[in-house]
Amino acid sequence: MSTPLRLKELTNKEELLTGGHRLCAGCGAPIAVRQIFLALDVPVVASNATGCLEVSTTIYPYTAWKIPWIHSAFENAAATISGVEAMYKSLKRKGKIDRKIKFIAFGGDGGTYDIGLQSLSGAMERRHDIVYICYDNGAYMNTGIQRSSATPLGANTTTSPAGTVIPGKLQPRKNLTKIMAAHNIPYSAQASPHNWRDLMTKVRKAVEIDGPAFINIFAHCNRGWRTPTNTAIQDSRLAVETCFWPLYEYDNGRLTVNYKPKEKKPVTEFLKTQGRFKHLFRPGNEDLLREIQENVDREWNALLREEALQSSAESS
Amino acid sequence: MGNKLAVTGNQAVAEAMRQINPDVCAAYPITPQTEIMQRFSSFVADGKVETELVTVESEHSAMSACIGASAAGGRVMTATSSQGLALMWEMLYIASGMRLPIVMPLVNRALSAPINIHGDHSDGMGARDSGWIQLYSENAQEAYDNLIQAVRIAEHEEVRLPATVCMDGFIISHSIESMEFLPDDAVRDFIGEFKPLHPLLDVDNPVTYGPLVLPNYYMEFKRAQHEAIGAAKEVTLEVAREFERISGRSYGLFEDYRLDDAELALVLLNSAAGTAKDVVDAYREKGLKVGLLKPRLFRPFPYDEVADALSAAKVIAVLDRADSFGGFGPMYMEIASAMMTKGLRPLMINKIYGLGGRDFMPEHAGAVIEELRETLDTGRVKVPKEYIGVRE
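Quick note, the sequences are listed as chains R and G, same order. Note that my numbering has the first sequence beginning at 12, numbered continuously upward. Note that my numbering has the second sequence beginning at 2, numbered continuously upward.
Okay, chain G solo, but in the shape it has when bound (with noise of 0.2 Å):
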């Protein structure tokens, strides 16, 4: 097995991208993720990777240049933050289009307007419609794990789509924390060799990228497309089963924490869902049926999956780290639409919390199961949507 370390989420990440060790990278660096770039950049220019480091002006032309370079037939990542995300926003419907498996990861920042360089969901749930697969991770382990699962899944014959991993900017990117790494040589076999298809660099075989396409093909491509992102769900669980036998650490499509006879259940991604887990464990304690769901594969969202691991849940708290204005949060839509698509019918409340990094507190998690055990009692919902830890 590997090797145990502290270090901090980027390290992780940067560890990773070392191992992976890719063909082209083009990046571009911003806030907290600069220091993945860095320490990659330190990699290429101690010959520890063999990739050709492209340091473009902008994020537009990082996702460019990395849809250029897997067109032309080899592995590619970048990586990137908030603002940084929302620059490319236009490429990475095209990257997807193209079938493209690039891998970022995506240390989730909160987005401007006011400017904030804290953590918060709002660039990876901006970037929910656009194709790409999307995994999230609790810390700084399953942001290294994720990483080397998300080449094989993009990478997958029946899938072919970038994948973005994303772990909360500061909280997680840069706090140090023990965990383990793979060997080089385990990692390495585990992605094996990156196999092109159609590439632009066969000149041989010429082929045209990014045709005018009218309207009696366009749904085509587009049902091919969704067709491909339902595929990656099967293709995750088979890929963590393979990743299981090399690390010992076992992945699913979410983690379900004390679920199995949990009436009252939270909902909750990323780093927050630890702190959470603690004060389920204390109200567990206490006698209440309470617990917990961490997605972690958003994209394609495991509808039915997570329906049926809480299908034993009478009250739901959704908590978002990041709003859809005007609507209710993104998770919140997708729980609510997983259980009405069973037939479920829980009560469910939405929380937004954690915006701009603003911390999440074993006791905000405390009064939102406060306010699942009134609910589960009157059987009426007090506020169906609701910012938390926030000053009126």
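Chain R with its partners taken away, still in its complex shape (with noise of 0.2 Å):
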């Protein structure tokens, strides 16, 4: 039996990621780890890639993890928990464990957009039956706020800082959540902490699948997003309400649309929330900003139309 979904119930389970841990106060990592380890009612084994979310976490003679953990290297998160996995069913095979656990493996976007892809494709292929976990931030927040691949277009990074020449970043973030439903994996979602029984019921739906799951989840960072440390939950709420960040699930490679806003906001109330896009806003920058809202809409809209397509060809 697994615990309802309410507060009442969730507030008196156990934490698995103490408090005491050295994240920046207001940081979104730990409120989605939080989450996951809530949404969860059976064992599991975790491998962490390199970034913030580890080394805050685990900090010699100290570890804030009641589960087993294991950190390796900053690349292959998902290559590591596919070897614990592996471990696992060969003694299961044997008769030498019996019980049921299972396994997750955590990634920055630097750990699974960028350094970590090829680890991460390749754990996915191989059918492991694992729940790899973004927490996407859009930058390389623990070196100190360097662009990735899932940095959006724009942002001021400390590598595509907003110059008197060049505005940013000057290219789109690449859609993760959609390269690993293009594997055929049985489930990819994506996913944000303010929309809390959204997010575990995700993970519940990953960890029960019998194969690889990816979930995506939008992890605020205000030291990168140049925010107060109190905003990590409201800003959330504004990326989904303007479908900067949109809540969807490939389930069987069934697409769900799983928040649709009744009136869908303009990105420039998300963007205006952070310092990183506050130079979009000067004069001159009009274009960008236009831009920004039509990849917006179409993602958007190739979102709803994918899904309309769907129920419209199981009707017919």
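Read the hints as simulated data drawn from the structure, not as lab findings. One should not assume that every hint holds.
Said to hold, decoys possible - Label pairs and their in silico Cβ distance ranges:
| hint | chain 1 | residue 1 | chain 2 | residue 2 | range |
| --- | --- | --- | --- | --- | --- |
| 1 | G | G328 | R | G264 | 33 to 39 Å |
| 2 | R | D221 | G | E51 | 18 to 24 Å |
| 3 | G | H199 | R | E310 | 43 to 49 Å |
| 4 | R | P72 | G | A368 | 33 to 39 Å |
| 5 | R | D109 | G | D261 | 55 to 61 Å |
| 6 | R | R316 | G | N206 | 48 to 54 Å |
| 7 | R | K107 | G | E91 | 46 to 52 Å |
| 8 | G | E178 | R | R265 | 56 to 62 Å |
Unchecked claim - The calculated lysine-lysine pairs, modelled on DSS-like cross-linking and capped at a C-alpha distance of 27 Å, are:
| hint | chain 1 | residue 1 | chain 2 | residue 2 |
| --- | --- | --- | --- | --- |
| 9 | G | K287 | R | K105 |
| 10 | R | K103 | G | K49 |
| 11 | G | K196 | G | K287 |
Think of the CB as a built atom: it goes at the ideal place given N, C-alpha and C, for glycine as much as any other residue.
Two independent chains are provided; combine them into the complex using the hints.
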């Protein structure tokens, strides 16, 4: 019996990522991780790519993890957990383990979209029974806010600075969730911690499925995004309300857009909350703002069209 | 006793892996290691092993998956060569730093560029400082025997470190020679059950592997590693003694060949040592006091014992099948360190030979012995380091 996804029951569960870790106040990553753990009712083993979540939670001789946890390197959280899962399968087959254990890999966008993409793609293709969680804060925050392939168009980072000639990052981010879906894995989804019930429901599906699953979680970073430390949840909500970060899932190929704002807000509502986009509102950058809005609209409409096409194909 | 068959070095190693029957094997194909992986995949497909085979997308992921699997709590193997080992480089240090007893045959091959698929020791020597135990093998029999012993050495409770077993690419991996296999049950009994230590899969006793360790503790971790690999020397001898009881074959830290009264000594690894031994015999017949030392355990390096074995030598030629560009060959540096630490001062020369699979012929060994003789006569080193068997 799984714990009902109600605050009353969930708040009575033991936290598996303890307080006292050294992530920044207001960081989105541990909020996501705690929601993930609260959603689980089976024991898990996790691997973690090098990054903020890793360095800040395991400063020797302390650890914030109350689960078996391994960090080996930056680009290989998926390969590492696939080894753990392979050993589990081997020992289970030989009768040396009889209990059900699930396997999760955590990585930031740098360790997932960029340097870890090969390892992730390999693990997904091999169909290990693992859940890969990317906490996407849109840059290499751990090393000091360098651009990654998840950094949004126009964002000011320390390696795509908004200068006098170049206005921040010139390339749109890649769509990793769709790249994962294109691996034809049983489950891939996008989530955001402001909608905890949706996030936890997705985690449960991903864990229950026999085979690989991927969840891309929007993770606020007040240092990198240049915001106050108390806006993680409201900014995440805005990202979804503007369709900058749509909530959707591919469940065995079937696309569901999990949240459709009644009134889609202009993307500037999201952008203006963050210092990393401040330069975009200066005169001369109107075209860039327009391009960002067009990109959001195109991707959002494509999602809705794809969902509608699937339903009409089923009903016809 | 076992069963005598004519096989390639790769077949011998694959057969040892079948008998070891690891819980997990994560590997990626690369010439000249490929045959090991193909054969092992067939063992999996035919149910001859109970191994979970993870056919990863790169060697970096191979070693990463081995690390995850080993930390999870079981016996883990992989195999590689050359560029594959180079791609693993980052993970080699992590495997040893986490004290994971992964065992890996390494089919020695040259490193690019230019690309070359043939045998030399640049790959193994490049991983010299990675904290792995390294055993070198002259032929298929030694590769087979070393691999079985490596499991015991790596998993010994005072060691708990990864180990690699080297043999020469093509020269050994692809040549057929006659060798003796042990019965399956003899190998199974010899290696015993794997004893997990703090396994990740013990979910009731959660452990954190790979924390961030700052200057206040990092050095204690490294000192512990230094002590563990040091302990591997005695363990190697202990395991060899037990292995002799089941196989009749005797192993030490190195092979000393006609060294007792040798004033002239050659030091070289692997297959070329076999060639050089014949030449040593020929010179012995002519009355020259020449001998040969073939290291087996390269990491940890048995400095004391090597120096003792070479203590009669007045001139030594160290032949390296790898270069440390801008420095002496890696084996030369070890031998020089061994002699110096004991206050021994032979004249020493370094020859770089056989790179990229260039043949090492008896006349090459002969020319080196002639040069040693001249060095002894004149009391002077003509050229400290030199490439041999190469066009000018």
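What hints, given by number in increasing order, does this structure fail? Of the numbered hints given earlier, those the structure breaks are 1, 4, 7, 9, 11, listed in rising order.
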